[in-house]
Structure formats: structure tokens, C-alpha cells
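Asker: As a plain string of letters, each chain reads:
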Amino acid sequence: MKNNWWKILGSIFLLYSAVAGFLMHVPRLPILHESIRNLYFHVPMWFAMIFLFSHSVYFSIRSLSTQSPVDDRKAVESVNVGVIFGILGLLTGMVWAKFAWGEFWSFDPKQNFSAISLLLYFAYLILRNAIEEEQKRAKIAAIYNIFAFPMMIVLIFVLPRLQDSLHPGNGGNPGFNMYDLDSHMRMVFYPACAGWVLIGYWIYTLRFRISSLVYNQL
Amino acid sequence: MTKFALTALVWCLASLSVFAQGNEIEMADALRSNGKIYIVVICVAIILLGLLIYLFRIDRRVKMLENKSTHKN
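So the protein sequences, as listed, match chains A and B.
Letter 149 of the first sequence, counting from 1, is numbered 191 in our numbering, and no numbers are missing.
Letter 62 of the second sequence, counting from 1, is numbered 615 in our numbering, and no numbers are missing.
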């Protein structure tokens, strides 16, 4: 229990964000209406994904110097969980876009580039699984991951800002913090992000421990 | 006297029916306010709680397997 406090903390954050996310005061805005509450559920998916991919690239870099299969497995399991959060972020974004922008997929730069960056990570997983020999696999996967990470950052956070985008914070649009004038939303938004990051990391540790069990059996 | 009691009774019943018409039959109103959004909140909280408990149970099962495999090695 002493080592599990962060799992309980993450659970409390999530439950708090679900209850307060529906009930707390939000600004009254045209077009968005109550769907502004999606901020507490859609955006934390991306926070969790970015956290897990950063974690993964850290262990990829480490595995190049340590040559340890443990670091390699940490990197790949982190991507495995991060990709799930990315897919969830994309799907929730599509639903929100339908009711805020009018289409599920309006080929907005933010949507296109986040889908492409997910494809980068699918390619990483397929590439890694295609190589039989363990040492070679670890090295190639690590190097690919080190290239994929900055590309993902550029695709999601830099390129959409340089084009016309409907997404808040891009294409000259104000970010969401503009709407949150009385800072009420932050009181739910930050715990929601922290909670999803913690739960995402927890799922990663489960996957990593199971992969260690499988690895040691063989 | 009986006539008075009867009219009083009729008046009472009449006012009751008026009362009933003005007030639709709703009880335990706290959970039905705001267009019943609280019901959705409860459902989402139950789903989250269930999934989190499930995660804790998977965690415990993995720990059990880990203990088993360290004993074997």
C-alpha cells in the first residue's frame, strides 16, 4: 500500500474530474455551450499520450547506452499504452468537432497531423515486431523512436500553429485559457490531466510487468 | 353543522386538487434538478469506479504471478 499511494491519488483525481467536470460552473459561450466540459476529458488524453511517449523516448535513449532489454521493453510498452490514449483523443476530438465545427473530420491541420503522428507510432510498433533478432530489434526500434518523438511534437504542436486551423490555440486562435477568465475550469482541468497521466502510467507499469513475466518465462 | 362540515370538506378536497395540479408529481427532487444531469454523473462515476477497481484487481493478480515466478527462479 505504501508504494501504491499514487494509484489511489490518480483514481481520486479521475473520479473528482468526472463529478466536478459535469457539475462545476463553466463559462457560457456560443457554439460550445455545455460541450466546453469536454476540455476535462478530451485534452487529458493527449497529456497522457505525450507523457507516455516522452517516457518511452527516455528509455529508448537509455537502451542505446545500456543495451539492456529491460529498457527496450519499457520503451515499447510505454508506446503501446500511449497509442491507446492517442486513439481515444482522436475519437473524442472527432465527436467534439462534429458539434463545434460541423464535421467529424474537416481535414483540419490539427486533426490531420495528430492522425499522422499516430501513424508514426503504429509504424514503430510494426517495425519493432517485424525484427526477429533481439539486439538488432532493440537498437533499430530505439533509433526509430528517437526520430519519431520530435516529429510527433512538431506535427502536433508546431505545424498546426502555422496554418489556418479551427482548433483552439492554433492558427491564431486563442487557447482555451482565454475562455477561462475566472480560473474555475483550471480547478478541474489540472487534476483531470494529472489523474489521466497517473492512470496511464499505471496501465503502462502493468503492461511492463506482464511483459517481464512473459520474457522471464521464455 | 353537518352542512358546514360538508362544505368544508368539499373546499378541502377542491384545494387539494388545485394543489396537485400546480405541482407535478416529483419527489426526491435533488437528483432530478438540472434536467437530471446528476443521474449521468452517478453513472459515469460508477463506470470509472468499476474500471479503477478492476485495474487494482489486475494489479494484484500480476503481483501474485510475480511472486510465484520469483519463487520458481
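None of these hints come from the bench; they were simulated from the model.
Among these hints, one or two may not hold up.
[Said to hold, decoys possible] Lysine-lysine pairs mimicking DSBU-like chemistry, simulated, CA-CA at most 30 Å apart: (1) A/Lys49 x B/Lys625; (2) B/Lys556 x A/Lys44; (3) A/Lys44 x B/Lys589; (4) A/Lys140 x B/Lys621.
[Said to hold, decoys possible] Here are a few chain B residues that face chain A, going by a calculated C-beta distance under 8 Å: (5) Glu577; (6) Ile578; (7) Met580; (8) Leu584; (9) Ile592; (10) Val594; (11) Val615; (12) Met617.
For glycine and all other residues, C-beta sits at the position ideal for the given N, C-alpha and C.
Asker: May I ask which of the numbered hints given earlier this structure violates, with the numbers listed in increasing order?
Answerer: Of the numbered hints, 2, 3, 4, 5, 6, 7, 8, 9 and 12 do not hold.
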